[in-house]
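Peer 1: Residue strings, one per chain:
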Amino acid sequence: MQSMTLLLAGFFLPLFPMSIVFNFVFQRASSVWLRVLLLLVWPLPGLWLIENGSSALVDTIVLWALFTSILYSFRTVVVKELSVWTGFIATSAWSLLWVAEYLGANVDDLIMHAFAFSLPLVLLAILVARLERQYESAYVGVVTGLAQEQPRMTGIFVVVMLAVIGSPLFPSFFSLLSNINNVVMVMPSIALAIVLVWLLWSWSGIHLLQELVVGDPAVIQYDDISHSMTIVFFVSFVLLVAGGLYMSEVLL
Amino acid sequence: MSLSLGMKAEIRTLIFVAGEPIPLFWPMRSFIHHNPLQGLEKLSFEDAIAEGEKLFHGKGFLHRSNYQTYYNEDKISHQSLSGLIEKFLSQHEPIAGVDVHNWLITLLTKVESPLTSDDARCSSSLVSDSDIAAVLRGEDLLESEQLKLDDLPEKLCGSLLNDTPLYETLDHLYDTRIGEELDELVIKSCLNFFDEGQSAWHMPNRKDGFFSAWREVSFRNLGILFKGRRIREILEVSEDPEGIIVHVMESLNIPKERWMRYFRQELSRLHGWAGFIRWRSNARHYYQGVQHPGDLVDLLAVRLTLALALIDDRARKGIPSNVDELQDFVKQHPMQACLRYQLYSRTINPRWAQKVEQAILTDNSKKIDELGLSYMQEKRARDATMLAKSMRRLAECANAEQVLDVISDEDLSSLLSIIRNLRTA
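From first to last, the protein sequence lines stand for chains A and B. Counting from 1, position 174 in the first sequence corresponds to residue 174 in my numbering; the numbering is continuous, with no gaps. So the number in my numbering is just where the residue sits in the second sequence, counting from 1, plus 1000.
Do not rely on the hints blindly, as some may be mistaken.
Claimed, not checked - Below, in silico cross-link-like pairs of lysine to any residue (SDA-like), each with a Cα-Cα straight-line distance of 25 Å or less: (1) B:Lys1355 - A:Gln134; (2) B:Lys1059 - A:Gly215; (3) B:Lys1188 - A:Gly215; (4) B:Lys1389 - A:Asp223; (5) B:Lys1355 - A:Met18; (6) B:Lys1355 - A:Phe74; (7) B:Lys1367 - A:Gly215; (8) B:Lys1110 - A:Asp223; (9) B:Lys1355 - A:Phe24; (10) B:Lys1355 - A:Leu71; (11) B:Lys1110 - A:Gln221; (12) B:Lys1379 - A:Val238; (13) B:Lys1355 - A:Gln27; (14) B:Lys1317 - A:Leu71; (15) B:Lys1355 - A:Ile61; (16) B:Lys1355 - A:Val213; (17) B:Lys1379 - A:Met18; (18) B:Lys1059 - A:Val213; (19) B:Lys1188 - A:His207; (20) B:Lys1355 - A:Phe115; (21) B:Lys1379 - A:Gln27; (22) B:Lys1355 - A:Ser226; (23) B:Lys1227 - A:His207; (24) B:Lys1059 - A:Ala129; (25) B:Lys1389 - A:Glu132.
What the hints assert, rightly or not - Partial chain A-side listing against chain B, Cβ under 10 Å, derived: (26) Ala138; (27) Thr144; (28) Ala147; (29) Met185.
Keep in mind the hints are simulated off the structure, nothing from the lab. Cβ atoms here follow ideal geometry from the backbone N, Cα and C, with glycine treated the same way.
Generate coordinates for the entire structure from the input sequences, incorporating the hints supplied.
Peer 2: Below, the structure is given as structure tokens:
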């Protein structure tokens, strides 16, 4: 029964190969709001399942979760389709929730960790959907030169990407940092694995940004993001940073 | 490799002629002007612009909207534009019931982007006039002429392999980015050698000339050795730049009749450096030139050595390493080559990019061919629809909406042909 619960949790806090299910569903979700919902809700049943499991997690599960996280972060390096990239990052990030649970985080902290990863991804999913509407796809390299064409959108995109890859002050930064901080003295290999995942996210994220932002813009000119939407995103960033600072108080 | 004196002289002559269109560039202390078309002055203005666009990857004319603004501000007179169109139309048969002069004036002065595409490679040319006619009549495109892909390999080989350096084609087909890396390495090499006292630590043996000094350093330059692992092997073939050039061209299997054009393309990639080195080698009293000699032959030997080393490095992963292998690949896998070209030269319909990339990564010829055919069909339909839409818009601007409803296929084809010719006229 315990194994079945963990196996089921492996679908929601993705463990490879069960992680394929989330990515399959996410990539086929054509509506942006469905994607947003998936990003916000998908890990929660997993958290509930592992919190209500009777015994503590075994080492094998944590190693499996780290393997999944590293595998998907490696895959992000070669992916150019931003919606696929978003799904892979979500998979890689949620796998790390197993590590947080293993390190003794309570359910409130786990939910905070989950939202720390999910909220920036939600903003990214909204921007990606906008790109898909304009260019028919968000394949970086074919869609390029965004800075010249849509400077406001580009600025927002850069900040969202920094939030997703765990840059300082954003919640994902403090989530990763607290995991590393909790484990570095007792199990440095796990800390090293998390650092590797973090490095790969940053590498792939910045690489995608570079290809998306600079280069020759498209022949057809599209409208930039509206001023009101820019303000909404700006407020979101302020809230994210405030959330990050709150997390630093609670977790570190 | 030891070349005869005659062969060396022939190589030097080819490079001298190849470098002629590259404008001289000298160390300007204060910038006055620089005419990039100086080396093309013997050509007519239009030909020089066209050649300059090809060589220097620039835009020979202002953006279309600039001219339309000038026209609206009467800086371009209607009479002169009208006169030029009349002259152009005198070479074409009139089309019954269509005021072609009015259509062309409208096209030039009111339509923001041209109707037809420049890119004749791969699928763009698959859209036929009958496809556009079918869309205008509201018929299903599939009922008209089916795709003819038999001539795709020939068309691709012709357009991809004739006029560009091999690594540029590889970059377009395999996303190898050799061109960028090569330019960086050549710029670093030039900066090291042509330094005029700006750096504290000079390149050794500069008095021996550009290629000799660079060759000596390259045997132990880890930065270069790491990127092109075969560079030592290549440099050991000859101590002379001419010997290296011949070795590289033979290794890449470039036919000898194409060498001059190939050299010109290579020199024009970094035409600022090439222009400076060309000026420097001819300025007999230029102190730095006398002390540290270097000419276009040296530059080309450095560039080709690095290019071959980088190509060989990538070829270890299974990509073609010379023109013959590349031609074989294109002939055996024309659809894959076409899809690769579209994807990596960033001309693909973005909606297909992910699917095409995945298919290419599977390396399954059957799957790639099927996907390619679907892609071509959809692109053909999409392009035909867009062209038909543009024609409708043009007709509206020219106050001749009804013409497209009654025009025959032959007349539509003639009209499209005139519009296409206008782009090249």
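Peer 1: Work down the list of hints and note, for each, if the structure agrees.
Peer 2: Okay, the hints, checked on the actual structure:
1. B:Lys1355 - A:Gln134: 19 Å, holds
2. B:Lys1059 - A:Gly215: 16 Å, holds
3. B:Lys1188 - A:Gly215: 23 Å, holds
4. B:Lys1389 - A:Asp223: 21 Å, holds
5. B:Lys1355 - A:Met18: Status holds; Cα separation ~23 Å.
6. B:Lys1355 - A:Phe74: The given pair, whose Cα atoms are some 20 Å apart, holds under the 25 Å limit.
7. B:Lys1367 - A:Gly215: 32 Å, violated
8. B:Lys1110 - A:Asp223: Holds: Lys1110 (chain B) and Asp223 (chain A) sit about 21 Å apart, inside 25 Å.
9. B:Lys1355 - A:Phe24: Distance ~15 Å between Lys1355 (chain B) and Phe24 (chain A) Cα, so the pair holds.
10. B:Lys1355 - A:Leu71: 21 Å, holds
11. B:Lys1110 - A:Gln221: 17 Å, holds
12. B:Lys1379 - A:Val238: 44 Å, violated
13. B:Lys1355 - A:Gln27: 13 Å, holds
14. B:Lys1317 - A:Leu71: 23 Å, holds
15. B:Lys1355 - A:Ile61: 34 Å, violated
16. B:Lys1355 - A:Val213: 23 Å, holds
17. B:Lys1379 - A:Met18: Since the Cα atoms of Lys1379 (chain B) and Met18 (chain A) sit roughly 36 Å apart, the hinted pair is violated (cutoff 25 Å).
18. B:Lys1059 - A:Val213: 22 Å, holds
19. B:Lys1188 - A:His207: Given pair Lys1188 (chain B), His207 (chain A) holds - Cα atoms ~24 Å apart, limit 25 Å.
20. B:Lys1355 - A:Phe115: 31 Å, violated
21. B:Lys1379 - A:Gln27: 23 Å, holds
22. B:Lys1355 - A:Ser226: Violated - the C-alpha atoms of Ser226 (chain A) and Lys1355 (chain B) are around 31 Å apart, more than 25 Å.
23. B:Lys1227 - A:His207: 20 Å, holds
24. B:Lys1059 - A:Ala129: 34 Å, violated
25. B:Lys1389 - A:Glu132: 22 Å, holds
26. Ala138: 8 Å, holds
27. Thr144: With Cβ-Cβ at 7 Å, under 10 Å, it holds.
28. Ala147: 16 Å, violated
29. Met185: Since the shortest Cβ distance to chain B is 37 Å, the answer is violated.
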